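Asks: Chain A is already provided as a structure; the job is to place chain B on it using the hints.
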Amino acid sequence: MESCQFLICGRGSNGQPLITARRVGESLYPPKDFRAWANRPTWPTPRHGELPCKGAGDLCRHKSPSPDKSAGPNRAICQGLASGAGLGRQRHTAALDTAGCPADRTRDLQGRNTVELLSGADMIARFLQDEGIEYIYGYPGGAALHIYDALFRQDKVKHILVRHEQAATHAADGYARASGKPGCVLVTSGPGATNAVTGIATAYMDSIPMVVLCGQVASHLIGEDAFQETDIVGVTRPIVKHSFSIRHPSEIPEVLKKAFYLAATGRPGPVVVDIPKDMTAPTERYEYIYPKKVKMRSYNPVTRGHTGQIKKAVEMILKAKRPVFYTGGGVVTGKASEGLTDLVKQLGYPITTTLMGIGAYPQSDRQCLGWLGMHGSYESNMAMHHADLIVAIGARFDDRVTNSTSKFCPTAKIIHVDVDPSSISKTVRADVPIVGPASSVINEMISLVQGHKIAHPEALTEWWEKIDGWRADREGKLYEPSKVDEALKPQEVIEALCRVTRGEAYVTTDVGQHQMFAAQYYKFDKPNRLITSGGLGTMGFGFPAAMGIKQNYPDDDVVCVTGEGSFQMMMQELSTCKQYGVGVKIVNLNNASLGMVRQWQDLNYKSRHAHSYMESLPDFHMLIEAYGFTAITVNTLDELEPALERAFADKHELVFLDVKVDPHEHVYPMQVPLGAMRDMLLSKTERT
Amino acid sequence: MRHIISILLENEPGALSRVVGLFSQRNFNIETLNVAPTEDPSLSRLTVTTIGDDRVIEQITKHLNKLIDVVKLVDLTEGNHIERELMLVKVKALGAARDEVKRTVDIFRAQIVDVTPSLYTVQITGDAGKLDAFLQAMAPVGILEVARTGVSGIARGDKVLSL
Chain A
950 MESCQFLICG RGSNGQPLIT ARRVGESLYP PKDFRAWANR PTWPTPRHGE LPCKGAGDLC
1010 RHKSPSPDKS AGPNRAICQG LASGAGLGRQ RHTAALDTAG CPADRTRDLQ GRNTVELLSG
1070 ADMIARFLQD EGIEYIYGYP GGAALHIYDA LFRQDKVKHI LVRHEQAATH AADGYARASG
1130 KPGCVLVTSG PGATNAVTGI ATAYMDSIPM VVLCGQVASH LIGEDAFQET DIVGVTRPIV
1190 KHSFSIRHPS EIPEVLKKAF YLAATGRPGP VVVDIPKDMT APTERYEYIY PKKVKMRSYN
1250 PVTRGHTGQI KKAVEMILKA KRPVFYTGGG VVTGKASEGL TDLVKQLGYP ITTTLMGIGA
1310 YPQSDRQCLG WLGMHGSYES NMAMHHADLI VAIGARFDDR VTNSTSKFCP TAKIIHVDVD
1370 PSSISKTVRA DVPIVGPASS VINEMISLVQ GHKIAHPEAL TEWWEKIDGW RADREGKLYE
1430 PSKVDEALKP QEVIEALCRV TRGEAYVTTD VGQHQMFAAQ YYKFDKPNRL ITSGGLGTMG
1490 FGFPAAMGIK QNYPDDDVVC VTGEGSFQMM MQELSTCKQY GVGVKIVNLN NASLGMVRQW
1550 QDLNYKSRHA HSYMESLPDF HMLIEAYGFT AITVNTLDEL EPALERAFAD KHELVFLDVK
1610 VDPHEHVYPM QVPLGAMRDM LLSKTERT
Chain B
9 MRHIISILLE NEPGALSRVV GLFSQRNFNI ETLNVAPTED PSLSRLTVTT IGDDRVIEQI
69 TKHLNKLIDV VKLVDLTEGN HIERELMLVK VKALGAARDE VKRTVDIFRA QIVDVTPSLY
129 TVQITGDAGK LDAFLQAMAP VGILEVARTG VSGIARGDKV LSL
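Which chain is which? The protein sequence lines are A and B, in order. Adding 949 to a residue's 1-based position in the first sequence gives its number in the numbering used here. Adding 8 to a residue's 1-based position in the second sequence gives its number in the numbering used here.
One chain only, chain A, in its complex shape (with noise of 0.2 angstroms):
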């Protein structure tokens, strides 16, 4: 028998602390190699008895182990095998415990095995080992519990416990932005759930595949506002691609599968699955099967384009004499960065991407004008102005891209491809709208362009060399370098950074000023490296999003460049960092002010900071000791450089780098609002 001890974790139904077993002599604190630890020795079942149940309340029923034997204490006594007709549905009550039985099965007259017994926990935990989900994140609470015990008796499916349900999605979605998969999160009701809003709503907007298991108050409390009781489907409603209640636990596998499905093709996004307490009741078994395949009526995402209207754009495309490419984060999704290189340079045409799309075209390609919009490039910007054709591909027209529409790009035609059809003629009319997925429409794209030359290469040189000359007006003019004795310029930082990691960093950033230089100053060269949070613009998701890229990237660079700000919005994921061993890299750009709001306050409300200055920032450089971290404060030009290499010494060490920056600097260019694409301030003195 192996003895435990207790470790207070989780919210308890009735506002107490639960305690969950742990055995000892695992330890907890930093394993010092992460992927050691992750696949450490399968923790065995804990059997009857093996955990003592005092003070464990009503996780640990254990009652004598069954007479039979032979069958093992955890087999259920099952009546009435499946047949044919409500499959699945066939109840089957466990005669004897109520934890620590994963499996059962149904025999047939021979006593052979047939289909699996499982209790909805068991099935959610079984359904995420048969997805391959390898991670999921979360936090435990009374409506989850029944979901959480049965992962604590498997060990396929790793538990990643955060310090805030908000940083469980935010690091789902890192991990799915940076390996195009699914992340996976679980949370409780009520408050769980709440907390977790912000994440979804920040995967919905960058449509990034997510699936999000709720726990939820038993299906006889819902709608009595019983304790943690949220109406979550409810609440997330306007954020999610879909969202499901589990009514039946023999509903589970299919639903899961949905789930999947939903999150991961198509345009991605956020699926909730809401699942009430009594769904996941260890007594119920219910067979369970892992669906391979699923179908819906209602639900069938375009696979390729239309050809007529590839084939018209690919005309107008050869025939242009000022063709900018405009893609976004629908390439990265799609996975058509490839595929987009190719194209591109078969045609020799300049390419400008969105924040969303850095890196689906290598930025240190001269064909890349950077990316576009109110912080975007100058070349980019006056490119798409003067442009006859925009091939727009998996970009939707935000408005930080076009700013006015009604000023934008007067010149040009447009064609816009994009998997979903309501992103097309949204803001911005097409004139050959393509709704297909971008890489099979770019593969049929670059099917019809083999072979053909385009129309007017004179004018594309003519082009090159308007372009050209753009780049060559503002070169050495984007920022002014620091002096001696004077505070760094956090342009400095990002592009020591880069230099630092080659360029090959996982790069995750928050939401501001630092935000636009890491994307400006920054060169990308491959796609899903710049993890940032575009769409909805959320503080807070730097950290946990590349604390969910480095548990899955171990041996890469993986480096939060954050704010004072934003860090402080979800630094309690520290103490995950610490439990987990996640080497993460830190560069906070530390201005004492919330820069971005300061730089509009500068522009727009005569410099009257209202509320944009911080005080009381606390010493990070304790604050991350007493973390049992390392921290560096970097104040000059000549420290900075060594404090980079010296964090990037170790992988799988968490440095965090404090950078006192300058805060009267400003991010441009930054476009004139109601202005069109190539109005500008491209300093504090010049404008366009």
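In case anyone wonders, no lab produced these hints; they're calculated from the structure. In this text, all values refer to a predicted model and were calculated from it rather than measured experimentally. Incorrect hints may appear among the rest.
Claimed, not checked - Here are the computed lysine to any residue pairs in the SDA-like style, where the Cα-Cα straight-line distance is at most 20 angstroms: (1) B:Lys80 to A:Val1251; (2) B:Lys74 to A:Thr1214; (3) A:Lys1261 to A:Ser1396; (4) A:Lys1527 to A:Lys1633; (5) B:Lys70 to A:His1255; (6) B:Lys74 to A:Arg1186; (7) B:Lys70 to A:Asp1369; (8) A:Lys1475 to A:Asp1434; (9) A:Lys1244 to B:Asn19; (10) B:Lys70 to A:Ser1247; (11) A:Lys1426 to A:Tyr1470; (12) A:Lys1294 to A:Asp1474; (13) A:Lys1244 to B:Ser50; (14) A:Lys1244 to B:Ser170; (15) B:Lys80 to B:Val154; (16) B:Lys70 to A:Asp1380; (17) A:Lys1294 to A:Asn1249; (18) B:Lys80 to B:His11; (19) B:Lys74 to A:Lys1261; (20) A:Lys1206 to A:Ile1082; (21) A:Lys1244 to B:Lys74; (22) A:Lys1633 to A:Leu1623; (23) B:Lys74 to A:Asn1249; (24) A:Lys1600 to A:Ser1524; (25) B:Lys70 to A:Val1251; (26) A:Lys1244 to B:His11; (27) B:Lys110 to B:Ile90; (28) A:Lys1107 to A:Gln1078; (29) A:Lys1107 to A:His1601; (30) A:Lys1270 to A:Gln1316; (31) A:Lys1260 to A:Lys1426; (32) B:Lys70 to A:His1601; (33) B:Lys74 to A:Asp1474; (34) B:Lys74 to A:Val1251.
What the hints assert, rightly or not - Among chain B residues calculated to face chain A with C-beta under 7 angstroms, some are: (35) Gly29; (36) Arg34; (37) His71; (38) Lys74; (39) Ile76; (40) Val79.
The C-beta atom is built at its ideal place from N, Cα and C for all residues, glycine as well.
Replies: Showing chain B alone in chain A's frame:
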């Protein structure tokens, strides 16, 4: 312009709230809304009338189609169609007005379905314009209560909205 959009919707809990929520969330109008199960118990038919220019209507239909619970939809106003609405009205029917109400009811081919000494309950079907005209005609007599179902509609000819 006014459009009538008919939708086949999964007969699931919460499906209706997704449709209605979409309209408020995206700042679209709902003029009338009518929903009931069809001959296939797994499907409901929902008919919504809305007002907007072509761009708005295009967005409405695209966003509706995007909802997972929406199986199929048609903008009936794109072709010939029949639209009907049912209305129950309680009107004052006292003294000389009692005969006048009866005559107007006949003119509109409506029916009196309930009677008390002081009022008639009238049932009338037709398109929205006819119902509005009836209410206008009844206004001087005194309308006590109105219950309208909202527009329901179906395409003329061979076109069928089904799976």
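Asks: State for each hint whether it applies.
Replies: Evaluation of the provided hints:
With a C-alpha separation of about 15 angstroms, the suggested pair Lys80 of chain B and Val1251 of chain A falls inside the 20 angstroms cut-off, and the hint holds. This hinted pair checks out: Lys74 of chain B and Thr1214 of chain A have alpha carbons roughly 13 angstroms apart, not beyond 20 angstroms. Distance check on the hinted pair: Lys1261 of chain A and Ser1396 of chain A sit about 14 angstroms apart at the alpha-carbon level, within 20 angstroms; holds. Of the pairs offered as hints, the one joining Lys1527 of chain A and Lys1633 of chain A is violated, with about 43 angstroms between alpha carbons and a cut-off of 20 angstroms exceeded.
Restraint check for Lys70 of chain B and His1255 of chain A: the C-alpha separation of about 17 angstroms stays at or below 20 angstroms, so the hint holds. As the CA atoms of Lys74 of chain B and Arg1186 of chain A are separated by approximately 14 angstroms, the hinted pair is consistent with the 20 angstroms bound. A hinted pair counts as satisfied when its Cα atoms are at most 20 angstroms apart, and Lys70 of chain B with Asp1369 of chain A qualifies at roughly 9 angstroms. Annotation: proposed proximity of Lys1475 of chain A to Asp1434 of chain A is violated, straight-line Cα distance about 36 angstroms (limit 20 angstroms).
The straight-line distance between the Cα atoms of Lys1244 of chain A and Asn19 of chain B is roughly 17 angstroms, inside the 20 angstroms bound, and the hint therefore holds. Between Lys70 of chain B and Ser1247 of chain A the CA atoms are separated by roughly 14 angstroms; this keeps the pair inside 20 angstroms, and the hint holds. Distance check on the hinted pair: Lys1426 of chain A and Tyr1470 of chain A sit about 13 angstroms apart at the alpha-carbon level, within 20 angstroms; holds. With a C-alpha separation of about 14 angstroms, the suggested pair Lys1294 of chain A and Asp1474 of chain A falls inside the 20 angstroms cut-off, and the hint holds.
For the given pair, Lys1244 of chain A sits about 16 angstroms from Ser50 of chain B by alpha-carbon distance, which is consistent with the 20 angstroms threshold. This hinted pair checks out: Lys1244 of chain A and Ser170 of chain B have alpha carbons roughly 19 angstroms apart, not beyond 20 angstroms. For the given pair, Lys80 of chain B sits about 32 angstroms from Val154 of chain B by alpha-carbon distance, which is inconsistent with the 20 angstroms threshold. A C-alpha spacing of about 17 angstroms is found between Lys70 of chain B and Asp1380 of chain A, which places the hinted pair at or below 20 angstroms, so the restraint holds.
Distance hint between Lys1294 of chain A and Asn1249 of chain A is unfulfilled; the C-alpha atoms sit about 33 angstroms from each other, more than 20 angstroms. A C-alpha spacing of about 16 angstroms is found between Lys80 of chain B and His11 of chain B, which places the hinted pair at or below 20 angstroms, so the restraint holds. Under the criterion of a C-alpha separation no larger than 20 angstroms, the hint pairing Lys74 of chain B with Lys1261 of chain A is inconsistent with the structure, at around 26 angstroms. Restraint check for Lys1206 of chain A and Ile1082 of chain A: the C-alpha separation of about 12 angstroms stays at or below 20 angstroms, so the hint holds.
With a CA separation close to 16 angstroms, the supplied pair Lys1244 of chain A and Lys74 of chain B stays within the 20 angstroms bound. Of the supplied pair hints, the one linking Lys1633 of chain A and Leu1623 of chain A holds, its CA atoms being roughly 19 angstroms apart against a limit of 20 angstroms. Distance hint between Lys74 of chain B and Asn1249 of chain A is fulfilled; the C-alpha atoms sit about 10 angstroms from each other, no more than 20 angstroms. Restraint check: the Cα-Cα separation between Lys1600 of chain A and Ser1524 of chain A comes to about 18 angstroms, which is no more than 20 angstroms; the hinted pair holds.
For the hint linking Lys70 of chain B to Val1251 of chain A, the alpha-carbon distance of about 14 angstroms falls within 20 angstroms, and the restraint holds. A C-alpha spacing of about 32 angstroms is found between Lys1244 of chain A and His11 of chain B, which places the hinted pair above 20 angstroms, so the restraint is violated. With a C-alpha separation of about 27 angstroms, the suggested pair Lys110 of chain B and Ile90 of chain B falls outside the 20 angstroms cut-off, and the hint is violated. For a cut-off of 20 angstroms, the pair hint linking Lys1107 of chain A to Gln1078 of chain A stands: about 10 angstroms separates their Cα positions.
This hinted pair checks out: Lys1107 of chain A and His1601 of chain A have alpha carbons roughly 19 angstroms apart, not beyond 20 angstroms. Our distance criterion of 20 angstroms between C-alpha atoms is met by Lys1270 of chain A and Gln1316 of chain A, whose separation comes to about 16 angstroms. Between the alpha carbons of Lys1260 of chain A and Lys1426 of chain A the distance comes to roughly 42 angstroms, so the proposed pair goes past 20 angstroms and is violated. Distance hint between Lys70 of chain B and His1601 of chain A is unfulfilled; the C-alpha atoms sit about 47 angstroms from each other, more than 20 angstroms.
Distance restraint check for Lys74 of chain B and Asp1474 of chain A: the Cα-Cα separation of roughly 33 angstroms exceeds the 20 angstroms cut-off, and the hinted pair is therefore not satisfied. In summary, the hint linking Lys74 of chain B to Val1251 of chain A is supported, as the alpha carbons are separated by about 12 angstroms, within the 20 angstroms threshold. The beta carbon of Gly29 of chain B comes within 5 angstroms of a beta carbon in chain A, closer than 7 angstroms, and the hint placing it at the interface holds. With 7 angstroms as the threshold, the beta carbon of Arg34 of chain B stays out of range of chain A, its nearest partner Cβ sitting at about 9 angstroms, so the hint is violated.
Annotation: interface hint on His71 of chain B holds; nearest CB of chain A at approximately 5 angstroms, less than 7 angstroms. Given the 7 angstroms rule on beta carbons, the hint for Lys74 of chain B holds: about 5 angstroms separates it from the nearest Cβ of chain A. Using the Cβ-Cβ criterion of 7 angstroms, the hint placing Ile76 of chain B at the interface with chain A is satisfied: the shortest such distance is roughly 4 angstroms. Given the 7 angstroms rule on beta carbons, the hint for Val79 of chain B holds: about 4 angstroms separates it from the nearest Cβ of chain A.
Violated hints, listed in ascending order, are 4, 8, 15, 17, 19, 26, 27, 31, 32, 33 and 36; each of the other numbered hints is respected by the structure.
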